[in-house]
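Once you've looked at the hints, dock chain B against the given chain A.
From first to last, the protein sequence lines stand for chains A and B.
Each residue of the first sequence is one higher than the one before, counting from 1 in this note's numbering.
Each residue of the second sequence is one higher than the one before, counting from 513 in this note's numbering.
Honestly, the hints are just simulated from the structure, not real lab data.
Among the clues, some could well be false.
Derived DSS-like pairs (lysine-lysine); straight-line CA-CA distance at most 30 Å [what the hints assert, rightly or not]: (1) B/K614 - A/K133; (2) B/K651 - B/K614; (3) B/K651 - B/K719; (4) B/K651 - B/K726; (5) B/K651 - A/K133.
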Amino acid sequence: MSEIWTILLGLGDKFAAHIVLAASAIGLGLLVALPLAVWASRSPTVARIALGIASLVQTIPALALLALFFPILLSLRAVFGEDLPTLGFLPALLALALYALLPILRNAVTAQANLDPGVLEAADGVGMTSWQKLTLVEAPLSAPFVMAGIRTASVWTIGAATLATTIGQPSLGDPIFAGLQTQNWALVVAGCIASAGLALVVDALLGIVENGFARRNRWQYGAGIAAVALGLAGALIYQSGGDDDDTIIIASKQFSEQYILAQLIGSRLEAAGYSVEYRDGLGSAVVHSAVASSSIDISVDYTGTIWTNELERSDNPGREVMYDTIVQWENDNTGVRVLGRLGFENAYAFAMREDRAAQLGVSSLEELVPYGPSLTVGGDPEFFERPEWIAVRDAYGMRFGETRNFSPTFMYNALRSGEADVISAYTSDGRIAADRLVVLDDPRGALPSYDAMLMMSPRIAQDEEIASVLQPLIGAIPVEAMREANFAVDREGEGKLSPKDAAAQLAETIGF
Amino acid sequence: MARGRLVPRLYRGGAGPITTSSTQSSQTQTSPAILTFDAAERRYGETVAVGGVTCAVEVGSFVALVGSSGSGKSTLLKMVNTLVTPTGGRVLFGGEDVTSLKPSTLRRRVGYVFQGIGLFPHFSVGENIAIGPRLAGEKLSAERVQELLELVELEPEMASRMPDELSGGQRQRVGVARALAGDPELLIMDEPFGALDPITRDALGEKVRELHEKLGLTTIMVTHDMAEALLLADRVLVMSFGQLVADHTPRELLAGAGGEIAQGLVAVPRQQAERLALMERPDPAKGPAA
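The following block holds chain A by itself, in its conformation from the complex (with noise of 0.2 Å):
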């Protein structure tokens, strides 16, 4: 209990954010349902296709709708420019506040149509003009019912924005998914209980004002709008007070070996006397184009991820030209300086139970190809997305009887269940050790290497202190001390550490 509290005092600055994301997702909810529902209101066709088109958007998933809206901002700097930002705040207030839209209009939409139609005649009859009308009696005649609209998407906004996380905008979602990775509930549990008092919070404050304005009772309104006023302005001042340009922001992706690197390297520049902020849990996709936007200024990313995700290249021309071309190509393209290799690879490899590689007799991904359409393969979600799988069932035709995805942690415990045969494992993984696991050879060189590289966003690249506190590390990791810190944070029980902790130790093992 004491753990989630401590968490708790400590997610300050995700609490301010997903306030200030939220509140300005509903805002700009308000901002297009309301002109819409008064025009709804006065014409049935707008009022069909609106409310057609929100429901719509309604039936994406929250998690999709926010993904969505990388490629369309990306798409979208052609008209405004390279300085468009594609993730963070303004994809998520995007998508949040299209995910906000429905409730409130609904609500707003319905209100009108149930306004006393009496009651509208006598504006008419008394001589109100329409504007008049509109503000006199048709809204503050609706507003309890559009209060209750909004009520509804707030709740929905707060649990929702825990989604922004995924494509680099902090919220409470950090700890959820970062607890989720590493298997640390007391996270998973401090951010939901964060979330979920927020919207209960939000809700009964939002529930007075819905109430005053039923009643009519100014005094009622007042107090809940001024409540919701004081807190938001509160999360502003905090969030601007934390906010300045000296500050280092380091991604990491939704696995532990990012966190404890990223804990790593935030841990040696605040020693350095530098401010840091991580933006834990990105998509592996959303990082390299973070990193090169200075959206984030420091990553740590894999030659392989690179080579073929942004090189957009499927030859494997071994590791040393790989690492080369790929330092070139960056300074050429994006401005990211790679400062170097840490010297660890994490590399995608087959892996199987001992017992079952020895009932099979297989030691290499060649033996396994007979066997293939009676097992079973997990992999995490992007693996059979990527060129390493198309390259693997290329080289080999490979083919398997089902596959499944699991999240990374997952994945090794749907090997000890016998859920899955074969996992696209990491070489760097402590579980394959731990778990006793044999990795199969990979004799056709289908699987490029990859070696972990620390990159730096052009903001930063020519800022040779910064690079001089990180240069250190260049070299200085070996994969089994890597697969030691990372096996202390995945397993369970005895032993197990947050990521901080493992930068910790993975430091003083280097010698820090």
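For chain B alone, coordinates are given in the frame of chain A:
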């Protein structure tokens, strides 16, 4: 009790307006017309709601517009304050085409009372009454609001009440006070008492007639109840299928003028009155009526 009162009042109460109308009737042309329908027409697609009505309403007259449901009487009335715009012909108010006037200006000069009452539920009684002048940028004084409440026989304290605290009759009294607040040149009423119980309805009808006299108003009232029309108005217009089929004083109608449709409408209250009068006579078989 109600039966006992109704029969004599049909004749006694009716005598007032009929007498008045003989000095102010449409035929004498003593007052100028405040309102003129000039072949006024309203179509909804193929349907003709009002088909070319021509007539004039003199200043100071109390005109009842009678007809069965769907006869076009409400549509004709709503053309006056352009809640319905004519599709043909003209409606002249004070000599000007109503469609050429700004709707908000026109509606401030024409007090409007209707069956739905339409009090604004989020305004107090006082605010409801003061809304017309408020829209024109004037603030109605508390004294004036009280004066208006007294005119419709409501307590001055009612001003601070909300509409949902009032009875139906009280609400319609507020509705009348609201229509009168802007000192309108013309008062138009669309089935104003239709939703009220008979006793309230009767009392309010008398009250409106009294205010009409006292304030020197020109009033047009739409009703489907011929008895109400005969008792309150100086002049009764009968509509059927969008056409004006009769235009007479109540006395003339009772004397048999106006043609078949008008007489059909007059026959209803007359027969009811006769049957009631008959019941009041001692029945030899059953003894005297209670």
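Hint check results:
1. Among the hinted pairs, B/K614 with A/K133 is consistent with the structure: their alpha-carbon atoms are about 15 Å apart, no more than 30 Å.
2. At most 30 Å may separate the alpha-carbon atoms for a hinted pair to count; B/K651 and B/K614 meet this at roughly 21 Å.
3. Between the alpha carbons of B/K651 and B/K719 the distance comes to roughly 26 Å, so the proposed pair stays at or under 30 Å and holds.
4. Distance hint between B/K651 and B/K726 is fulfilled; the C-alpha atoms sit about 24 Å from each other, no more than 30 Å.
5. A C-alpha spacing of about 18 Å is found between B/K651 and A/K133, which places the hinted pair at or below 30 Å, so the restraint holds.
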